[in-house]
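Visitor: Listed in order, the protein sequences are those of chains A and B.
Everything in the first sequence is counted per the numbering used here, starting at 1 for the first residue and increasing by one.
Everything in the second sequence is counted per the numbering used here, starting at 1 for the first residue and increasing by one.
Since the hints were made in silico from the structure, they are not lab data.
Just so it is clear, CB atoms sit at the ideal spot from N, CA and C, and this is done for glycine as well.
One should not assume that every hint holds.
[Claimed, not checked] Pairs of lysine to aspartate or glutamate, DMTMM-like flavour, derived with a Cα cap of 25 Å:
id	chain 1	residue 1	chain 2	residue 2
1	B	Lys167	A	Asp163
2	A	Lys189	B	Glu29
3	A	Lys189	B	Asp332
4	A	Lys189	B	Glu165
5	B	Lys345	B	Glu327
6	A	Lys14	B	Asp332
7	A	Lys168	B	Glu71
8	A	Lys189	B	Glu243
9	A	Lys168	B	Glu199
10	B	Lys139	B	Glu8
11	A	Lys143	A	Glu48
12	A	Lys14	B	Asp138
13	A	Lys168	B	Glu194
[Said to hold, decoys possible] DEER-style ranges, computed between Cβ atoms:
id	chain 1	residue 1	chain 2	residue 2	range
14	B	Asp70	A	Ser67	41 to 49 Å
15	A	Ser6	B	Glu72	43 to 51 Å
16	B	Cys300	A	Ser6	30 to 38 Å
17	B	Phe19	A	Pro139	31 to 39 Å
18	A	Asp37	B	Gln168	39 to 47 Å
19	B	Asp332	A	Ser67	38 to 46 Å
20	B	Ala247	A	Thr74	22 to 30 Å
21	A	Thr74	B	Gln168	53 to 61 Å
22	B	Arg15	A	Thr161	49 to 57 Å
23	B	Ala325	A	Pro169	26 to 34 Å
24	B	Phe206	A	Val151	19 to 27 Å
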Amino acid sequence: MKRTASINLARMRKAPVEPCRLALVAAIAVAVSGCSDSREATAYSDLEDCIEDNPELAQQCRTAYESALAEAATSGPRYDSELACESDFGDDSCQVYQPQNASGSWFVPAMAGFLFARALDGNRYQSSALYTSSYYRSPIYGKWSTADGRVFGNGRQGRVTVDNDAFKPKPAATRTMSRGGFGSVVAAKSNFGGSSRSSSGSRSWGG
Amino acid sequence: MIRLISRERPGWRDRAREFGFHFHTMHGEPYWDESAYYQFTLKQVEDDLEAPTAELHQMCLAVVERAVRDEELMRRFRIPRDHWDLVADSWQAGERSLYSRLDLAYSGQGPAKLYENNADTPTSLYETGFWQWLWLEDKVNSGDIPRSADQFTSVQEKLVNRFAELKQHHPGETLHLACCKDTEEDRGTVQYLEDCANEAGITTRFVYIEDIGHGEGDLFTDLDDQVIRWIFKLYPWEFMLRESYSALLERSGTRWLEPPWKALLSNKALLPMLWKMFPDHPNLLPSYFEEELASSALTCFVKKPIFAREGANVSIHIDGEEVLASEGPYGDEGFIYQAYCPLPKFAGNHTLIGSWLIDDQPAGISLREDRSVITQDLSRYLPHIILGY
Numbered sequence: 001m002k003r004t005a006s007i008n009l010a011r012m013r014k015a016p017v018e019p020c021r022l023a024l025v026a027a028i029a030v031a032v033s034g035c036s037d038s039r040e041a042t043a044y045s046d047l048e049d050c051i052e053d054n055p056e057l058a059q060q061c062r063t064a065y066e067s068a069l070a071e072a073a074t075s076g077p078r079y080d081s082e083l084a085c086e087s088d089f090g091d092d093s094c095q096v097y098q099p100q101n102a103s104g105s106w107f108v109p110a111m112a113g114f115l116f117a118r119a120l121d122g123n124r125y126q127s128s129a130l131y132t133s134s135y136y137r138s139p140i141y142g143k144w145s146t147a148d149g150r151v152f153g154n155g156r157q158g159r160v161t162v163d164n165d166a167f168k169p170k171p172a173a174t175r176t177m178s179r180g181g182f183g184s185v186v187a188a189k190s191n192f193g194g195s196s197r198s199s200s201g202s203r204s205w206g207g
Numbered sequence: 001m002i003r004l005i006s007r008e009r010p011g012w013r014d015r016a017r018e019f020g021f022h023f024h025t026m027h028g029e030p031y032w033d034e035s036a037y038y039q040f041t042l043k044q045v046e047d048d049l050e051a052p053t054a055e056l057h058q059m060c061l062a063v064v065e066r067a068v069r070d071e072e073l074m075r076r077f078r079i080p081r082d083h084w085d086l087v088a089d090s091w092q093a094g095e096r097s098l099y100s101r102l103d104l105a106y107s108g109q110g111p112a113k114l115y116e117n118n119a120d121t122p123t124s125l126y127e128t129g130f131w132q133w134l135w136l137e138d139k140v141n142s143g144d145i146p147r148s149a150d151q152f153t154s155v156q157e158k159l160v161n162r163f164a165e166l167k168q169h170h171p172g173e174t175l176h177l178a179c180c181k182d183t184e185e186d187r188g189t190v191q192y193l194e195d196c197a198n199e200a201g202i203t204t205r206f207v208y209i210e211d212i213g214h215g216e217g218d219l220f221t222d223l224d225d226q227v228i229r230w231i232f233k234l235y236p237w238e239f240m241l242r243e244s245y246s247a248l249l250e251r252s253g254t255r256w257l258e259p260p261w262k263a264l265l266s267n268k269a270l271l272p273m274l275w276k277m278f279p280d281h282p283n284l285l286p287s288y289f290e291e292e293l294a295s296s297a298l299t300c301f302v303k304k305p306i307f308a309r310e311g312a313n314v315s316i317h318i319d320g321e322e323v324l325a326s327e328g329p330y331g332d333e334g335f336i337y338q339a340y341c342p343l344p345k346f347a348g349n350h351t352l353i354g355s356w357l358i359d360d361q362p363a364g365i366s367l368r369e370d371r372s373v374i375t376q377d378l379s380r381y382l383p384h385i386i387l388g389y
């Protein structure tokens with residue numbers, strides 16, 4: 001056979017573009033993933049609590065805590081102003097962060113805890129940096145949030161049920177200094193009026 | 001290879017909506033056209049299209065291998081001096097590619113002739129990998145086409161497998177995908193690639209080319225300030241290398257699909273180089289650089305810009321006279337000259353075959369019909385089948 005043997009048509013199907021239905025679809029997707037791909041983990045506020053809870057796993061606690069700190073440094077939220085940072089995380093929750101090889105500095109929230117869970121293969125432990133907020137108008141007030149914005153739990157130490165994806169590597173974040181450095185040639189060529197197509201605005205830049 | 005009139009599937013436009021195929025009609029003109037289809041024998045597909053496609057691709061790579069070591073060639077391919085290292089290093093480091101499309105003139109007999117290589121930003125991928133595949137499923141299920149019919153379309157299967165391979169080299173990494181704003185066709189192509197990447201288990205994020213940012217630490221960022229480490233871009237290298245962020249390319253460490261060396265493969269200067277390195281190859285047309293034209297004995301030729309898209313700025317010359325020319329904004333970087341070999345005609349249409357590769361494996365064909373000899377962006381896409389040996 002010279003053609004693809006089978007195609008997952010469900011993935012290829014696209015929901016009609018109607019906002020109300022899209023919202024519903026999204027809600028169902030969350031509900032479904034919530035019951036099929038989640039597991040038990042423990043949220044710890046600091047390293048000592050983890051060790052106290054699991055004396056036989058002291059080394060695993062230490063590794064988990066350190067990798068959560070590293071994750072917070074590369075992938076945690078960053079702000080230009082202290083005010084913006086504190087309005088998400090609360091008073092005195094933010095500090096100045098000066099990255100290497102960069103001219104400016106940022107305000108970043110302090111890591112408030114870390115997730116600790118046995119990996120799915122059972123042989124290792126995994127972790128994820130956690131944040132919470134003491135500001136009552138923040139969307140994560142009284143909750144936990146991962147570096148990539150997954151919100152769950154009650155912001156206090158203890159057992160939580162989280163999506164497996166909470167342990168995935170998070171994309172690194174940085175501060176953007178400018179945009180629009182790509183796309184200028186297209187803008188210039190788009191002004192050309194001699195295309196066989198009647199109007200500009202929907203020409204392919206592939207070929 | 002024959003052209004057969006066919007009944008349109010009742011309600012196929014609803015089916016298109018169901019699967020999110022929104023650009024089947026563009027600018028009030030049909031783009032997807034199922035009022036006819038082409039039928040090939042298996043031998044035609046395997047011997048005349050699939051095997052030459054694999055061979056032509058290897059020949060093209062041999063040109064790249066030579067060009068990256070030769071400054072004179074880098075100049076002829078109009079690679080900006082500042083980016084010679086970027087292009088050459090990406091080749092030497094073996095940066096992985098995803099796909100290409102060779103445009104071929106083929107009538108059902110004799111050798112297919114290579115028109116050009118769209119190795120950087122080929123489109124009509126969704127139509128080829130999925131939509132014509134679905135057309136055949138529907139036609140077979142309705143009894144219009146015998147169940148023994150096949151199609152040369154393993155694009156989707158091979159794309160998913162290729163993404164799964166690439167994932168091994170980018171463990172845990174997010175793949176960004178990008179195209180320009182205001183083009184439904186390009187957005188649709190990128191959405192398709194995103195679907196295939198997701199099928200292979202890759203996490204993806206979309207960003208428009210124009211929205212890409214320069215992040216602190218000489219990094220590229222998306223609109224959420226997340227760092228772009230690995231990205232597919234449906235945007236030509238020849239543009240990118242001349243834009244203001246090009247200086248960042250070397251420093252950012254971002255991995256690109258397609259990699260920078262595709263700037264050589266998708267370049268029309270490839271054509272005269274192929275003819276020099278593989279003279280008289282049955283699947284090549286004689287092609288020359290500007291300064292070689294006078295001594296070439298070419299009297300009927302097509303003049304093509306080194307960089308151009310969708311058949312723009314192409315002219316046909318017969319015995320010293322320009323007989324047909326298309327307009328466009330290209331040509332500043334010079335031209336190449338290719339022997340005139342008109343497309344075959346079927347029911348009054350000029351038919352061009354796109355022959356797809358996923359990495360270096362032939363993966364399917366697409367057919368475009370145009371009323372003009374020069375295939376442009378308004379040409380229609382027709383499905384095909386394989387029947388008989």
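Visitor: Look at each hint and say if it fits the structure.
Guide: Against the structure, the hints:
1. Lys167(B) with Asp163(A): holds, 22 Å
2. Lys189(A) with Glu29(B): Answer holds: Lys189(A) to Glu29(B) is near 23 Å, not above 25 Å.
3. Lys189(A) with Asp332(B): holds, 12 Å
4. Lys189(A) with Glu165(B): Distance of about 36 Å is beyond 25 Å: violated.
5. Lys345(B) with Glu327(B): This hinted pair holds, its Cα atoms lying about 23 Å apart.
6. Lys14(A) with Asp332(B): Status violated; Cα separation ~41 Å.
7. Lys168(A) with Glu71(B): Given that 25 Å is the threshold and the Cα spacing comes to 44 Å, the pair is violated.
8. Lys189(A) with Glu243(B): holds, 13 Å
9. Lys168(A) with Glu199(B): Measuring from Cα to Cα gives roughly 17 Å; hence the hint holds.
10. Lys139(B) with Glu8(B): With Cα atoms ~9 Å apart, Lys139(B) and Glu8(B) stay inside 25 Å; holds.
11. Lys143(A) with Glu48(A): Measuring from Cα to Cα gives roughly 21 Å; hence the hint holds.
12. Lys14(A) with Asp138(B): With a Cα-Cα distance of about 18 Å, the restraint between Lys14(A) and Asp138(B) holds, given a limit of 25 Å.
13. Lys168(A) with Glu194(B): Roughly 19 Å separates the two Cα atoms, so the pair holds.
14. Asp70(B) with Ser67(A): 41 to 49 Å: holds, 47 Å
15. Ser6(A) with Glu72(B): 43 to 51 Å: holds, 50 Å
16. Cys300(B) with Ser6(A): 30 to 38 Å: violated, 47 Å
17. Phe19(B) with Pro139(A): 31 to 39 Å: holds, 36 Å
18. Asp37(A) with Gln168(B): 39 to 47 Å: For Asp37(A) and Gln168(B) the Cβ distance comes to about 22 Å; the hint is violated.
19. Asp332(B) with Ser67(A): 38 to 46 Å: Because 52 Å falls outside the window, the suggested range is violated.
20. Ala247(B) with Thr74(A): 22 to 30 Å: holds, 24 Å
21. Thr74(A) with Gln168(B): 53 to 61 Å: violated, 22 Å
22. Arg15(B) with Thr161(A): 49 to 57 Å: At 40 Å between Cβs, range violated.
23. Ala325(B) with Pro169(A): 26 to 34 Å: For Ala325(B) and Pro169(A) the Cβ distance comes to about 53 Å; the hint is violated.
24. Phe206(B) with Val151(A): 19 to 27 Å: holds, 23 Å
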